[in-house]
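**Q** Sequence:
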Amino acid sequence: MAWNRWQSIKKHMVEWMELPGDVLMDLPRIVAVGNLQVSVENHRGIVEYTGDRVRISTGSGQVIITGSDLLLRNILPDEICVEGNVRSIEYQL
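Residue numbers (numbering that gives the first Met the number 0): 0 to 92.
Keep in mind that the hints were calculated from the coordinates and are not lab data.
Hints may be right or wrong, so weigh each one.
To be verified - Computed spacing ranges between beta-carbons, pair by pair:
id	residue 1	residue 2	range
1	SER56	LEU35	20 to 30 angstroms
2	GLU14	SER67	38 to 48 angstroms
3	ARG52	ASN73	32 to 42 angstroms
4	GLN36	SER7	32 to 42 angstroms
5	SER7	TYR48	29 to 39 angstroms
6	SER7	ASN34	34 to 44 angstroms
7	GLY33	TYR90	15 to 25 angstroms
8	GLU40	ASN84	35 to 45 angstroms
9	ARG4	SER67	35 to 45 angstroms
Remember, predicted model here, so these are calculated numbers, not experimental data.
Just so you know, even glycine gets a beta-carbon here, dropped at the ideal spot from N, CA and C.
Model the full structure from these sequences, guided by the hints.
**A** Here's what the structure looks like:
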């Protein structure tokens, strides 16, 4: 219960200070360029990687990218870039 209260406090601070939510709330920033490229910032690592599916851990869940010919283009401490024929991007808590 204390965790939910802390998240609520952080959410109000973000709104009050007019900050992007990913800065204070440990949320991922996901940017898609058409169906060719997906960048995920503020990640916690790769959980699964195949040519058809990439699962990326974040502070609040997982980002699941499905498609074909998926390739990890960049793996940096703060960003992962996936390229290929992207069919879907799913977010799971």
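**Q** Hint by hint, note whether the structure agrees.
**A** Cross-check of the supplied hints:
no., hint, result
1, SER56 / LEU35: 20 to 30 angstroms, "23 angstroms, holds"
2, GLU14 / SER67: 38 to 48 angstroms, "40 angstroms, holds"
3, ARG52 / ASN73: 32 to 42 angstroms, "18 angstroms, violated"
4, GLN36 / SER7: 32 to 42 angstroms, "34 angstroms, holds"
5, SER7 / TYR48: 29 to 39 angstroms, "35 angstroms, holds"
6, SER7 / ASN34: 34 to 44 angstroms, "36 angstroms, holds"
7, GLY33 / TYR90: 15 to 25 angstroms, "19 angstroms, holds"
8, GLU40 / ASN84: 35 to 45 angstroms, "22 angstroms, violated"
9, ARG4 / SER67: 35 to 45 angstroms, "43 angstroms, holds"
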